[in-house]
Amino acid sequence: LSLEITELQELIAQEKEAEGKVRKAREQAEEILKKAREEAESAAQAIESDQHQSKTREAKKEQIGRKKAEIEKEYKLKLAALNKVAEENFEKAVTFVTKEVVKVEV
Amino acid sequence: MSVLELKSEIQRRAEEESARILEDARKEAEKLVAEARSKVESLREEKTRTLMRSLETEERAELAISRMGQKGEILQAKSQWSNRVFEEAGKRLAEMAEKRGSDYRDLLSKLILEGIMKIEDKKFVAEVNSKDVDTIKKESKSILDSATKMKNERIELEIKTLSTTPMGGVVISTEDKTRYYNNTLEARLFSARQNLAGEIHKIMFKAGE
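Line by line, the protein sequences are chains H and W.
Number 40 in the working numbering belongs to position 40 of the first sequence; there are no gaps in the numbering.
Number 236 in the working numbering belongs to position 130 of the second sequence; there are no gaps in the numbering.
Read the hints as simulated data drawn from the structure, not as lab findings.
One should not assume that every hint holds.
Stated by the list, open to error - Calculated pairs, DSS-like style, for lysine-lysine (alpha carbon to alpha carbon, straight line, at most 30 angstroms): (1) 247/W to 35/H; (2) 103/H to 244/W; (3) 84/H to 73/H; (4) 247/W to 224/W.
Unchecked claim - Just so you have them, the derived chain H footprint on chain W, three or more residues with Cβ under 8 angstroms: (5) 149-161; (6) 258-269; (7) 296-305.
Built from N, CA and C at the ideal position, the CB exists for glycine as well.
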């Protein structure tokens, strides 16, 4: 192999250029990985401030509120029915008590 | 190999190396993000499951408390109705006693007899409302005859006025005051309240009767 100085210089320059290209590729690779890490980090953080959770909680509270209102309505009706029946049977009950109090077995 | 070929080879190798580095980085990045997403997804699912469990427990507790509160109101209403029944019965008994008609006079005699029968002795004191003293005195012979017959021994009865003024009825005690039987209308009403609560509930809150 017989090379002229100029040719050797050209080869060295070519080698340097190649090194530069590889270095740039490494930098780009670092950048790609850095972005990926950031993306992963951001996904993990998103779960901390998960809006889905607070929406679920809110929805459940509304559901509980509706069910409570239904229970109140149900018992309001029961109470009204109870008062109606009691009103109808009141006289019978008073008569029963009065008779029992004056019932003397001798 | 010529210089040109050498230069071309250097360039080719550099490009290959660069492409490999970038390809590896991309693959690594994809893996990293995919793993993170999968972890986040699994965490989110777990968190949601935990949240749902907690919310369902909360729901059960809140609804149970709500039902208990409502049931409490129903019980309170029943208790109020029951109180009204006994109050009204008390008023009617007081009215009956106040009129002092034949039914009351007959009742008073029976109350005295019952008291005498409940206590084992032969000398008794009957304490009544001042308004009933005369009535009892008029009926005392008949009462004593009945008591003597029922106990099969001679019964003595002293009539006194109660220091308190019950609506009616009598307190029977032995002469030495060691034993007594409270047969006032108040005491009987109180006793009825203790014993008839279940019966009253049945009468009051049974629909369709």
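Structure-based check of each hint:
no.: 1; hint: 247/W to 35/H; result: 115 angstroms, violated
no.: 2; hint: 103/H to 244/W; result: 22 angstroms, holds
no.: 3; hint: 84/H to 73/H; result: 17 angstroms, holds
no.: 4; hint: 247/W to 224/W; result: 19 angstroms, holds
no.: 5; hint: 149-161; result: holds (count 7)
no.: 6; hint: 258-269; result: violated (count 0)
no.: 7; hint: 296-305; result: holds (count 3)
Against the hints set out earlier in the document, violations occur for numbers 1 and 6.
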